[in-house]
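Okay, here's what each chain looks like letter by letter:
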Amino acid sequence: MANGTGAPVAYINARLIDPVAGTDQPGSLLVGADGKIADFGSSLFASGAPWGIETVDCQRHCLAPGIVDLRVHTGEPGEEHKETLDTAGQAAAAGGVTSMCVLPDTDPPFDDASLIEFVHRRSRQVRLSKMYAYGALTMDLQGEQLAELGLLQEAGAVAFTDADRPLGNAQIMRRALYYAKSFGALIVHLPQEPTLSTGHMNSGELATRLGLAGNHRLAEAIMLERDLRLVEMTGARYHASKISTEEGVEVMRRAKARGLNVTCDTAPHYFALNEIAVGDYRTFAKVVPPLRGENDRRAIVEGLRDGTIDCIVSDHRPQDVESKRLPFAMAQPGVVGLETLLPVSLELYHNQHMTLPAIWQRLASTPAKLFGLPGGRFEKGAPADLVLFDPDVAWVVDPEQFSSKTGNTAFDERPTQGRALMTVVDGRVIFRDARLWPPG
Amino acid sequence: MPRHLLGIEGLSVATIAALLDLSESYIDTSRSVVKKRDVLAGRTIINLFFEASTRTRTSFEVAAKRLGADVVNMEVQTSSTRKGETLLDTAMTLNAMLPDALVVRHQDSGAVNLLSQKVNCAVINGGDGQHEHPTQALLDALTIRRRKGRLQGLTVAICGDVLHSRVARSNIHLLNIMGARVRVVAPATLMPTEVERLGVEPHFSMKSGLKDADIVMMLRLQTERMSGSFVPTVSEYFRFFGLDAEKLRVAKPDVLVMHPGPMNRGVEIDSAVADDLQRSVIHEQVEMGVAVRMACLDALVGGLRNFDERTADAGGMH
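Chains as they are written, first to last, in this note's numbering: chain P, 1 to 440; chain C, 1 to 318.
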């Protein structure tokens, strides 16, 4: 097996999912001794397995670029009891994620260049999925004073965000966009008008029944409209994260139609769940922004299908039991997602909303392109960051089996289909599902 | 009978009717010279109150004592920053003392549900956040039923701060289940989102909301909502949403006025109306409160066998 010894490996008899070419066809892929993709395609090794090099028979399972996850919270530094970069790396590997962007809302937050370097250093030590760090957009994520975007970028920050904290002050947002523009930096924002988002779940009938303060769904469209005006004004690069409402999708669709160069993402819980999941005060489904109505869920699926939504992120946010076993209003928001990102995204395929290459554009090639990361695509000379997965194998989500330190999933006991059999980074196997692979 | 009484939502007509019937029998007990029964003799009831309350706690305490139970009152003061943290620990600790029932009040919606999952005894919701206050709705229903002879077909107007009111939610559920016609009357800022989906008719003026009403239930306006962004001032609120004789004129001549207490006189209700013995049943509500709580404790803790026999024919008991 490919184990990072530096020898070439041929992956034959695979179903190649190429998100850039948009193809889903039988073929093979050759990883060079340098850990890069040497060749791939349907005609490669068509006349038989190559002699003299290590060969992996993929048994017609899907071979795709590894997932590039743009939105991962960890607990390092500051809350290592929830997740370390090590355990996040293991969870990512098990979930077929080969690159992840770590959010800056740690303690201390990534508003200092040394912390960006820290993440990259730890990433090299952990040697699992590649880790990239966001820089904070404002100092201490307080939304008041700009962080040192230039220095953070020099240290390797891939984009700038205040994570789950929306920037309510329009003047500071305007300056942040202008300032970032001078460095060509990308700003990632959670578009939720904060004064309309002080509640704990989606506003509506269910919140009224449960007696919980609601967050109005239009908080998203209102903030998005503001942001898009500011983007037009400044010409900066902007990416909206975790679109959760029908109106949010519509605002993005219109912006793209009039040629604005903006992008956005959503997370599996917004296209696979709705607010019913928090009925009975289920804090494990408490997320930011909150799960919305069924109409919104359908609109998110449609936005993914027609390309209005560019990326799918896990929005992985580990929380220990003590942060969740509380009255709903007191409980911390967030779900772990690295290990359910692939199977829940595959529901879009099984439900015939999208093809596998289209899903992999959202999961791998587009996010890599937006953030300027090396993986996410099949290309000669690109790093061999790969996931081999069986799209059909049925299993039931069980947080006890997670590699993550915490099990705060909203998908507990969900019957699902598809999982990663093997995950490869730079040609090295970083994960293998011992029960399923190799078969027999 | 369900093991707990966490809310009215989801209860059947039969369960509610049976609880009201049982409550009736305890009105007589309470009006006797010797008020004490031995239905719950030797049983332990703990009143666990995370939110200060004198009236409800006293009512539960009197109810439990009249049934012969031993009652322990626990008031847990929680600091605002870490509140909730001790909820499950407290629950487990008390559970280890093997009480027969916990009566719990908590400032957070859903806290009582959460606690009920961790204990082996019966749990009665004494009010959780803005979610439910089931015994209040039962005592209101008992008061109405005794005065009007029925609940079905009555027009009930629930007025005031519906948004933040657990009393309103429990009453909406109960009155709907029992076939009454429910209106809610409030300024739009104090009206819950999509409240009509709970089966009520929203009204934004007292005039239309109270027209031909059989019952007017006033809600308490919490001090912290009195000024600021919910309503501008107390005087404006009273002018448009406070109940006075003038506004009550459009209701039925035999209208009953109710209030869960404590009242803010001159804020949501005028003294002349509150003290009008012809129409105000506010003190009767308090008396019914004890009877209803006796019935709930009996049904959940003590008289399970009696209760099941009595209601087996009616169905709906699990």
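Any given hint could be a false lead.
What the hints assert, rightly or not - In silico EDC-like cross-links for lysine to aspartate or glutamate, where the CA-CA straight-line distance does not exceed 20 Å:
hint, chain 1, residue 1, chain 2, residue 2
1, P, K36, P, E322
2, C, K148, C, E24
3, C, K118, P, D280
4, C, K36, C, E9
5, P, K256, P, E232
6, P, K369, P, D306
7, C, K118, P, E379
8, P, K181, P, E154
9, C, K118, P, E193
By construction, these hints were calculated from the structure, which means they are not laboratory data.
Cross-check of the supplied hints:
1. P/K36 to P/E322: Violated. P/K36 to P/E322 sits at ~44 Å, over the 20 Å cutoff.
2. C/K148 to C/E24: holds, 14 Å
3. C/K118 to P/D280: holds, 15 Å
4. C/K36 to C/E9: violated, 32 Å
5. P/K256 to P/E232: OK: P/K256 and P/E232 at ~12 Å, within 20 Å.
6. P/K369 to P/D306: Given pair P/K369, P/D306 holds - Cα atoms ~19 Å apart, limit 20 Å.
7. C/K118 to P/E379: violated, 55 Å
8. P/K181 to P/E154: Between P/K181 and P/E154 the Cα gap is close to 15 Å, so the pair holds against 20 Å.
9. C/K118 to P/E193: The given pair, whose Cα atoms are some 37 Å apart, is violated under the 20 Å limit.
Checked against the numbered hints above, the structure breaks hints 1, 4, 7 and 9 and satisfies the rest.
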